[in-house]
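J.: Construct all of the structure, not just a fragment, from the sequences and the given hints.
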Amino acid sequence: CDATLESVQDVSVAILLHGMDLQHVERCRIVFPTILETVEFYTQCIVDKQLTETAPSPRQRRRLARAVAAIRELLDRTDVAMALAGWRNGSGRTATPSATGTPLDEGLDCQDAEHEPGTPSGGSTASDEAIYYSCSDASEGEEEGKELPRRRKASSSESKASGCMQDRMRDFPRGDGEHSWCEAEAESFDVRSASYFVDRRKQPAGKPMLDLLSVDFFRIGPGGPIWRVREHRDLHPTQLRERGERRFLLILNWIFPPFQVVMVGALDPKAPWLNCSEPVAPQARAWQRFLAMPAEERQRVFKVIMAVEQGPWLVRRAVPRKPVLIGRQLKMHSSHVAGDALEITIDISSGKTEQVATGIVMHALRSLRFALATLIEGSSEDELPEALLLCASMRCVDTSRFRC
Numbered sequence: 054c055d056a057t058l059e060s061v062q063d064v065s066v067a068i069l070l071h072g073m074d075l076q077h078v079e080r081c082r083i084v085f086p087t088i089l090e091t092v093e094f095y096t097q098c099i100v101d102k103q104l105t106e107t108a109p110s111p112r113q114r115r116r117l118a119r120a121v122a123a124i125r126e127l128l129d130r131t132d133v134a135m136a137l138a139g140w141r142n143g144s145g146r147t148a149t150p151s152a153t154g155t156p157l158d159e160g161l162d163c164q165d166a167e168h169e170p171g172t173p174s175g176g177s178t179a180s181d182e183a184i185y186y187s188c189s190d191a192s193e194g195e196e197e198g199k200e201l202p203r204r205r206k207a208s209s210s211e212s213k214a215s216g217c218m219q220d221r222m223r224d225f226p227r228g229d230g231e232h233s234w235c236e237a238e239a240e241s242f243d244v245r246s247a248s249y250f251v252d253r254r255k256q257p258a259g260k261p262m263l264d265l266l267s268v269d270f271f272r273i274g275p276g277g278p279i280w281r282v283r284e285h286r287d288l289h290p291t292q293l294r295e296r297g298e299r300r301f302l303l304i305l306n307w308i309f310p311p312f313q314v315v316m317v318g319a320l321d322p323k324a325p326w327l328n329c330s331e332p333v334a335p336q337a338r339a340w341q342r343f344l345a346m347p348a349e350e351r352q353r354v355f356k357v358i359m360a361v362e363q364g365p366w367l368v369r370r371a372v373p374r375k376p377v378l379i380g381r382q383l384k385m386h387s388s389h390v391a392g393d394a395l396e397i398t399i400d401i402s403s404g405k406t407e408q409v410a411t412g413i414v415m416h417a418l419r420s421l422r423f424a425l426a427t428l429i430e431g432s433s434e435d436e437l438p439e440a441l442l443l444c445a446s447m448r449c450v451d452t453s454r455f456r457c
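So the sequence shown is numbered by this note's numbering: it starts at 54 and just counts up by one.
The set of hints was computed from the structure by calculation and includes no laboratory data. Just so you know, nobody snuck in bad clues.
Estimated spans, in silico, between C-beta atoms of each pair:
#1 Ser330 / Arg281: 32 to 38 Å
#2 Pro111 / Glu434: 54 to 60 Å
#3 Lys384 / Val251: 33 to 39 Å
#4 Ser388 / Lys323: 23 to 29 Å
Subject to a maximum C-alpha distance of 20 Å in a straight line, what follows is the list of computed PhoX-like cross-link-like pairs (lysine-lysine):
#5 Lys375 / Lys255
#6 Lys356 / Lys260
#7 Lys255 / Lys356
#8 Lys260 / Lys323
#9 Lys356 / Lys384
#10 Lys375 / Lys356
#11 Lys375 / Lys260
Glycine included, C-beta positions come from ideal geometry on N, C-alpha and C.
T.: This is the structure in structure tokens:
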């Protein structure tokens with residue numbers, strides 16, 4: 054915060070002395086608005102109780118309030134606006150402080166305090182710097198100036214409404230529009246190459262091993278989460294069987310109260326990788342071993358890669374595009390019925406760090422394009438290169454529309 058205050062003062066002096074340069078312009082157009090918007094997002098997360106475990110201390114609140122007040126005062130000055138008007142940004146991008154949303158001062162102590170004891174002037178803590186990144190600027194691939202759809206407030210009766218699977222599929226369809234899901238681009242995920250154990254090299258993934266059939270996103274009902282998806286009458290696996298689907302199913306059951314997501318994929322019995330006998334394809338070998346493993350061993354090799362393809366910087370930072378052996382960090386249960394299905398249930402509520410990351414993502418979900426891939430870790434050379442099992446992408450999801 055002290056570094057921010059010094060930077061504000063530096064810009065102020067430069068304008069008064071008519072010595073403003075491109076660096077000062079970038080601070081006013083990009084850096085300072087980014088700080089304001091990030092503090093706004095951070096404050097809103099605290100108000101919504103998404104970051105209760107990392108809420109700032111009273112001292113940090115006062116420091117943030119001083120930085121916010123100084124930036125606002127600078128950006129509201131007429132001479133600053135006139136000085137900026139004389140500059141042209143080569144990219145045409147002019148960031149401005151957020152005009153809507155939670156007030157930046159909400160939850161902050163705005164009294165004008167002196168430097169806190171024990172904090173040298175001119176210094177800044179890591180926690181201060183960590184929140185100085187935009188969480189509402191348009192990110193890569195987004196159209197500048199495009200307004201995100203406003204959150205539709207759901208009535209209490211609507212938010213708790215229940216619906217059959219057909220209703221849920223209609224409300225959250227497969228497609229490329231907002232509030233929809235589709236198969237993610239597999240090549241956007243990096244997996245272990247055939248030479249990984251020699252040179253640690255990774256490569257873009259190829260076509261997933263299974264076909265993605267459905268993504269069912271719904272609220273958890275009064276009776277609690279559905280732990281056995283395969284047996285439930287109103288979920289996709291049972292209805293697929295009733296419609297004559299005979300392929301082997303992979304069922305991924307994600308539980309993160311108050312929501313639950315069920316993804317279903319089908320194994321094509323004619324897939325080339327499955328029917329290659331001489332030599333046996335690496336993914337076929339890994340798949341057969343995975344099915345034959347006890348549930349405890351599956352936990353040690355089941356990988357998940359999550360990625361925020363489009364969205365605020367802070368959310369992308371909270372969800373790095375790195376593989377995670379999810380069964381080693383969260384409660385995971387798997388059940389294999391030979392020739393029929395493999396069901397894997399992941400309880401995200403069992404990990405505190407994962408709860409915080411999920412909370413950040415859920416808070417910003419309506420502005421995100423979020424992708425998820427699953428795979429089996431290649432733990433020996435004959436299982437490389439790795440191949441994805443399933444990969445799904447969700448765009449601009451409005452959770453207020455989900456039913457039980």
